[in-house]
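A.B. asks: Given the coordinates of chain A, assemble chain B onto it according to the supplied hints.
Protein chains: 2
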Amino acid sequence: MRIADIGERKAIQRIVTHFPDGAHWGIGDDCAAIKIGKQLILVTTDMISEKFHIPSGATGYQVGWFITAVNLSDIAAKAGQPVGMTLALGVPRSYDIEFLEDVARGANRCAEMYKMAIIGGDTKETESLVFAGTAVGVVNQDVFMPRKGARRGDIVCVTGSLGSAGAGLHVLDDQRGNEKEAISKILEITPRIREGMALGSLGGVTSSMDISDGVASCLYQLQTINDVGFRICEKKIPVARYAKKISRGNREMERNWSLYAGGDYELLCTIKKEQVSLAQDYVASVGGILSPIGEVTDGDKILLEIKGEKQVLMNKGFEHFR
Amino acid sequence: MRIADIGERKAIQRIVTHFPDGAHWGIGDDCAAIKIGKQLILVTTDMISEKFHIPSGATGYQVGWFITAVNLSDIAAKAGQPVGMTLALGVPRSYDIEFLEDVARGANRCAEMYKMAIIGGDTKETESLVFAGTAVGVVNQDVFMPRKGARRGDIVCVTGSLGSAGAGLHVLDDQRGNEKEAISKILEITPRIREGMALGSLGGVTSSMDISDGVASCLYQLQTINDVGFRICEKKIPVARYAKKISRGNREMERNWSLYAGGDYELLCTIKKEQVSLAQDYVASVGGILSPIGEVTDGDKILLEIKGEKQVLMNKGFEHFR
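From first to last, the protein sequence lines are chains A and B. This note's numbering puts the first residue of the first sequence at 3, with every later residue one more than the last. This note's numbering puts the first residue of the second sequence at 3, with every later residue one more than the last.
If we strip away everything but chain A, and leave its shape as in the complex, we get (with noise of 0.2 Å):
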């Protein structure tokens, strides 16, 4: 049976079943966790094609801020301290080398933005541009922060704002409008390493996930794992300042790339509702953004609460190979 007939996640799902319990694939957790003394090792690696991941038009800074940006808020999901990355660079051989020196200095900047390095990688011919990086964090094992452990009564979480890369993405798609400043709000993500830090410190965080396919699809992602229901409430999403420029005020546009397209990168946590302000305080500390966007509750369902109306919010979000 072929991929494309199955997609990504029953795909994995298959695979999965051959490695021991917890190797984690985008399912499971958002890091591997390997324990030596009281410290967990965090490993988690995330690969790019060109064709289907970078926007033409992208610098080779960008794409190589991009593929260590990304493996980077895996690290910050699990309030993990990073420590080194690996890139392994799939390069077809009439490329330029200084193209690939961009993405060595786009790599390197993100790096020394949060205190890391990168400590190695590999360079081999494929027959198009394909980039694999694998992250290393260290976590405390009682700071870890696990997808598994969301009790009815916690307060769902998000940093930052949302709807930057599903409104980018909008821009591209339709060919109109700044393209260069799309590119830029798909590629140029910010890992929450400082935020994931601070909010892992705080203790009250019972999970926490990154919304790298959007918030919908991690909410039911979160369900499954901790067999809870979510309800959210519309008007409290932060909605992206860029994203609220291209909508023109459009709020249908502004939910559906906040709550179902991928791209943003910020951490989605539940916390225990009487430490949520001193969550925020912990977060503002280190000069990010929390907000409470709803609450879990008994069932199986996730709704979406707007304008005082309830509705089931749709499992939907970007899935590789579909």
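By construction, these hints were calculated from the structure, which means they are not laboratory data. Errors might be hidden in some of the hints.
All copies of an identical chain are treated as equivalent in the list; a pair is satisfied when it fits inside any one copy or across any two copies.
[To be verified] Restricting the straight-line Cα-Cα distance to at most 30 Å, the calculated cross-link-like pairs of lysine-lysine (BS3-like) are:
{"no.": "1", "residue 1": "K117", "residue 2": "K12"}
{"no.": "2", "residue 1": "K40", "residue 2": "K246"}
{"no.": "3", "residue 1": "K37", "residue 2": "K117"}
{"no.": "4", "residue 1": "K37", "residue 2": "K318"}
{"no.": "5", "residue 1": "K12", "residue 2": "K53"}
{"no.": "6", "residue 1": "K117", "residue 2": "K40"}
C.D. replies: For chain B alone, coordinates are given in the frame of chain A:
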């Protein structure tokens, strides 16, 4: 300037200038090492692509085994104990999920054989098959075997036997002989984890690397890093039984495959003269073989002694993009 014009090694030299000193990228060392307490966390990444590294006719199982084994080989060269590996699978949507499951089985089997696990991964759509593995290992810092440290008088040794992969490639190029057997010699390689750990525990190994691109290429890299020369005795080279079978007694073919072809993934190391015999015992105790093939000399020449006559070893080996 196109990558094809400068070749892999020059391209890598330009890429790594953008990263902190010691970023291991094929050059530098086999693995990156992150210090945590008295332990070093070893990290290494290797990428393979269908068109350039996977013989047609290879099974998914063999490819899964191979991508795991080549990564473990780098851990072995540093005396590390592997603790986990991530796998990024780039695959066209038209591929069968059964193929990927076969890859998973092969990777998992190799992991199990070396008492570690596939701990995570990523699956993304690409135009052609590209796999990247990243292995993580641990080693006590005073057991770690670096590439730098060889001194005049040390004995050059290799594990196992050489020439199998070269002979296999010869059979495939020739389109004669048993293709299936040749593919198995190329892909079903044995990472020398047990041998590496035994050598590390000895303490007398002054430098070590794995032979991914051929013995000659390794020696030239060790020469540059250590500022020494080598004298290699051709008749001491342990030629693999398979290479002898394919060469039908042609000693020049055997020599070429053993010294200049990549793909054998044995360990090459230098050992203090007085400890070579003990090192052989250590390696034998884990079921391996260690053969002295020459010695470290003053000066900058790498000489090959054939029937009492010395010639300069050619600086050639497998290089990507060339």
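A.B. asks: Indicate, hint by hint, whether the structure satisfies it.
C.D. replies: Okay, the hints, checked on the actual structure:
In this assembly of identical chains, the alpha carbons of K117 and K12 lie at most 30 Å apart only when taken from different copies (28 Å versus 36 Å within one copy). For the homomeric pair K40 and K246, neither the shortest alpha-carbon distance inside one copy (45 Å) nor that between copies (51 Å) is at most 30 Å. In this assembly of identical chains, the alpha carbons of K37 and K117 lie at most 30 Å apart whether taken from the same copy (22 Å) or from different copies (15 Å). Taking the shortest Cα distances, K37 and K318 never come within 30 Å of each other, neither inside one copy (35 Å) nor across copies (42 Å).
Taking the shortest Cα distances, K12 and K53 sit within 30 Å of each other both inside one copy (22 Å) and across copies (27 Å). In the homo-oligomer, the alpha carbons of K117 and K40 lie at most 30 Å apart both inside one protomer (22 Å) and across protomers (22 Å), since each shortest distance falls under that limit.
Hints 2, 4, counting from the list given before, are not met by this structure.
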